[in-house]
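Fit chain E to the supplied structure of chain B, relying on the hints for placement.
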Amino acid sequence: MIKRIPALVLSGALTLSLAACGSNNTATEGNGGSKPSGEKKVVKILHWKQGNVNAAMEEINKAFEAKYPEYKVEYTTTGPDDEYKQAQRARITANDVDILADLSGMRLSPKDWTPGAKVPDWQQWIDSGLIADLSDQEFVKKWNANDIEKAGTYNDKVYAIPTGKVAMSGLFYNKQIFEDNGLKVPTTWTEFLKLCEDLKAKGITPIGVAGKDVWPLKLPVFALQAKILGGGDQQKWIEGVWKGETAFNDAEAVEVLEKMKTLQDNYMIDGFMGIDYASAPSIFATGKVAMLADGSWDAPTIATANPDLKFGYFPVPATEDAAKNASFVGKYDVTWYAAEKGPNKEGALKWLEFFSEPENYTKYVKAAGFIPTQDNISTESEFIDNELTPYLGDFELAYEIMMINRQNVGEHLAAEGVHTEYLAPGGEFKTAKELADVQQKEWEAAAPK
Amino acid sequence: MYPFGKGFNRYVPLLLLLIPFLLYVIFYFGPSVLTVIYSFTDVKNIPGSPVNFVGLDNYYDVFFSGNSGERWRSITNTLIFMVVVTVVQNGVALFIAVLINQRLRGDNFYRAVFFMPVVLGVAVVSLIWGMMFDPLSGPVNMLYEWLFGYKDMFFASFTHAFGYIIFVQIWMYMGYSMLIFLSGLQSVPKDLYEAGYIDGTTKWQSFRHITFPLIASSFTVNMLLSIIGAMSTFDIILATTDGRFNTRTMAYDVYKETFRGSLEMGLPSALSVVQFLMILVFVIVAVKQMRKREVEY
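Chains B and E, in that order, give the protein sequences.
Residues 1 to 449 (UniProt numbering) make up the first sequence, in order.
Residues 1 to 297 (UniProt numbering) make up the second sequence, in order.
To be clear, the hints were calculated from the coordinates, so they are not data collected in a lab.
Don't take each hint at face value.
Restricting the straight-line Cα-Cα distance to at most 30 Å, the calculated cross-link-like pairs of lysine-lysine (DSS-like) are [as the list claims (entries may be wrong)]:
#: 1; chain 1: B; residue 1: K150; chain 2: B; residue 2: K111
#: 2; chain 1: B; residue 1: K236; chain 2: B; residue 2: K111
#: 3; chain 1: B; residue 1: K341; chain 2: B; residue 2: K67
#: 4; chain 1: E; residue 1: K151; chain 2: B; residue 2: K85
#: 5; chain 1: B; residue 1: K202; chain 2: E; residue 2: K151
#: 6; chain 1: B; residue 1: K288; chain 2: E; residue 2: K151
#: 7; chain 1: E; residue 1: K151; chain 2: B; residue 2: K433
#: 8; chain 1: E; residue 1: K256; chain 2: B; residue 2: K111
#: 9; chain 1: B; residue 1: K288; chain 2: B; residue 2: K184
#: 10; chain 1: B; residue 1: K288; chain 2: B; residue 2: K202
#: 11; chain 1: B; residue 1: K261; chain 2: E; residue 2: K151
#: 12; chain 1: E; residue 1: K256; chain 2: B; residue 2: K49
#: 13; chain 1: B; residue 1: K430; chain 2: E; residue 2: K151
#: 14; chain 1: E; residue 1: K151; chain 2: B; residue 2: K441
#: 15; chain 1: B; residue 1: K184; chain 2: B; residue 2: K261
#: 16; chain 1: B; residue 1: K310; chain 2: B; residue 2: K200
#: 17; chain 1: B; residue 1: K85; chain 2: B; residue 2: K350
#: 18; chain 1: B; residue 1: K433; chain 2: B; residue 2: K449
#: 19; chain 1: E; residue 1: K256; chain 2: B; residue 2: K341
#: 20; chain 1: B; residue 1: K184; chain 2: B; residue 2: K194
#: 21; chain 1: E; residue 1: K151; chain 2: B; residue 2: K200
#: 22; chain 1: B; residue 1: K62; chain 2: B; residue 2: K341
#: 23; chain 1: B; residue 1: K366; chain 2: B; residue 2: K150
#: 24; chain 1: B; residue 1: K243; chain 2: B; residue 2: K111
#: 25; chain 1: B; residue 1: K441; chain 2: B; residue 2: K111
#: 26; chain 1: B; residue 1: K49; chain 2: B; residue 2: K345
#: 27; chain 1: E; residue 1: K151; chain 2: B; residue 2: K449
#: 28; chain 1: B; residue 1: K118; chain 2: B; residue 2: K441
#: 29; chain 1: B; residue 1: K62; chain 2: B; residue 2: K363
#: 30; chain 1: B; residue 1: K118; chain 2: E; residue 2: K256
#: 31; chain 1: B; residue 1: K157; chain 2: B; residue 2: K41
Listed next, with one range per pair, are the computed distances between beta-carbon atoms [what the hints assert, rightly or not]:
#: 32; chain 1: B; residue 1: E353; chain 2: E; residue 2: N52; range: 51 to 61 Å
#: 33; chain 1: E; residue 1: T159; chain 2: B; residue 2: D81; range: 25 to 35 Å
#: 34; chain 1: E; residue 1: F27; chain 2: B; residue 2: D437; range: 43 to 53 Å
#: 35; chain 1: E; residue 1: F63; chain 2: B; residue 2: N155; range: 35 to 45 Å
#: 36; chain 1: E; residue 1: L23; chain 2: B; residue 2: N52; range: 44 to 54 Å
Keep in mind it's a predicted model, so treat the numbers as computed, not measured.
All C-beta atoms, glycine included, are put in the ideal place defined by N, C-alpha and C.
Bound-form chain B, shown alone (with noise of 0.2 Å):
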């Protein structure tokens, strides 16, 4: 017995070998790996897999090969989210990757009112020296002041660029439902709620959304966040939590949960927490539901699952004010760093260089189905211009995008969200006030020691 506690304890330390190997992991994964070809310098692009995203940037990378036919472009992509994050991760710290893009513009920089507030990831990349500096090169003029100023500015220097932006707050609609009925988009939320009860009343599901990711139920929550905290300020309360003068429980707080539950009590499709993201798209394009809570980076899947089908996109009408509404809340998507110690910085330099010649930008945007971040690149997409242009004049940042966490918060507030699956009947709280009771509570114990 005495003799096998020891081989107990080396099998045991197995199992803790698994975070372990996190420190030195390398997850290279996808289409890389190639020799670099004769004398070429390789530029090593890290991307994760979105089809027409993808098509575009090889399109792009192939131009650029035949313009400096010094260069290789090594273009290596892997699945979304967290297997991207880990293959950042894995070859930033390596320092094996020229160019790679971000999930988001940067954001979530601690403030001097968030004390002991979690720093991101790129902000600590930056912090030590791994991203270059990108503020005196040429090519970011070309881009939208503003934009960079928001999505790629860190200390008043400019490390990233953000290469479109998106509108995550909107519902899609499916226009031959609403003509049929005589429906149509409402502006204000007695209207909108008036269209879910019609299309009830004529036995059609009015909403669908994608509850098993969890994810998608935030979207029309942004649209409700942004024009209700702090009296449409999101800002402004998302100070205030942190400084005690507003809270998850408040009155406005609980507006936002109070509506997103009248909506999934009611009008959302039989069994929303079942359906996956993937599957959302198809249950849109076959009629099954009138409108759809997705971001408009979907439209092209839509519009693939179904050619024949017309739909348009609206803001959800969060307050009684139509002027406030009309606007979509979203964010920066696809940003691109530069890696200060890569193996080619001076390669990535002249491939963000030649991305943002207008040419090659119209091509990538169109392509993806972003809001351009130049100033004045026609999309020729008619989604775009009629859908989302009329809603953009006050297009603001989403409230996952805003809002800083603290560390260590609990689930019901976290990954910057307010996690409204957790309402009755899927979830254990049956009103709204109980779990932002909740949440406060776990926003006050995950404060700084």
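Structure of chain E alone, referenced to chain B:
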């Protein structure tokens, strides 16, 4: 007298042993010890960043910070998972192994069928059950509705998802335990049963007093494998619910904090040390208990 020769030759075996020993230290033992050390530091996943000792801060964060409610639930979930999986999986596996051992017609076929899920792998298994348990169009929900007039959300239900994961885990690894039991059963000498038969034992008595003590060593192996396996399971959770809907376990938390959380490596290291200690305690207790029962006739 000198089985390995004289002079330098004497040291050759030691040198040869050194290679696997070094490999073991570098790839298994070293990282494990490092993990324990990391758990007392604020080490980050950035090369060259400063490392400071922070004492028990990481352990404090595990048990007493803003989200430790969830950590405690992960621990409870891990224990539930371990107990239910170990008991049910081995119970069912033993039952089926005994049945198959009766020299049924086509026992090879049954053996293959029950073992198949192990071969399929976690990704395929979770895909299969993801489709079976599809809340909108899955066959299981149709059956539920037809039998009980009730529909379930399965992997998207806060209350039931964890139960379904336990079910899938047992379904998947039951064949593995069964195979070990089966090999144990087949090594029981037949003459013992004959002797028992002459003494007039009932079927139950011969199982209780002949079979069971003699397969006690398979029992020990199976219990240990299920305890360790269940306590360190995260893959099936990752593939079915991704930790949503109250289905997180400690192993899942370790994975999540390490690969998807912040760049901090201290907290996940502390978590895995806690997990390791839990596994160690259970395994030692289980081994002590079960060793007592093993006999050889």
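Evaluation of the provided hints:
no.	hint	in the structure
1	B/K150 / B/K111	15 Å, holds
2	B/K236 / B/K111	13 Å, holds
3	B/K341 / B/K67	25 Å, holds
4	E/K151 / B/K85	37 Å, violated
5	B/K202 / E/K151	25 Å, holds
6	B/K288 / E/K151	20 Å, holds
7	E/K151 / B/K433	28 Å, holds
8	E/K256 / B/K111	26 Å, holds
9	B/K288 / B/K184	19 Å, holds
10	B/K288 / B/K202	13 Å, holds
11	B/K261 / E/K151	21 Å, holds
12	E/K256 / B/K49	21 Å, holds
13	B/K430 / E/K151	20 Å, holds
14	E/K151 / B/K441	34 Å, violated
15	B/K184 / B/K261	23 Å, holds
16	B/K310 / B/K200	21 Å, holds
17	B/K85 / B/K350	25 Å, holds
18	B/K433 / B/K449	27 Å, holds
19	E/K256 / B/K341	28 Å, holds
20	B/K184 / B/K194	11 Å, holds
21	E/K151 / B/K200	22 Å, holds
22	B/K62 / B/K341	25 Å, holds
23	B/K366 / B/K150	22 Å, holds
24	B/K243 / B/K111	12 Å, holds
25	B/K441 / B/K111	23 Å, holds
26	B/K49 / B/K345	24 Å, holds
27	E/K151 / B/K449	46 Å, violated
28	B/K118 / B/K441	20 Å, holds
29	B/K62 / B/K363	13 Å, holds
30	B/K118 / E/K256	17 Å, holds
31	B/K157 / B/K41	28 Å, holds
32	B/E353 / E/N52: 51 to 61 Å	41 Å, violated
33	E/T159 / B/D81: 25 to 35 Å	27 Å, holds
34	E/F27 / B/D437: 43 to 53 Å	49 Å, holds
35	E/F63 / B/N155: 35 to 45 Å	36 Å, holds
36	E/L23 / B/N52: 44 to 54 Å	46 Å, holds
In this structure, the hints that do not hold are numbers 4, 14, 27 and 32, in rising order.
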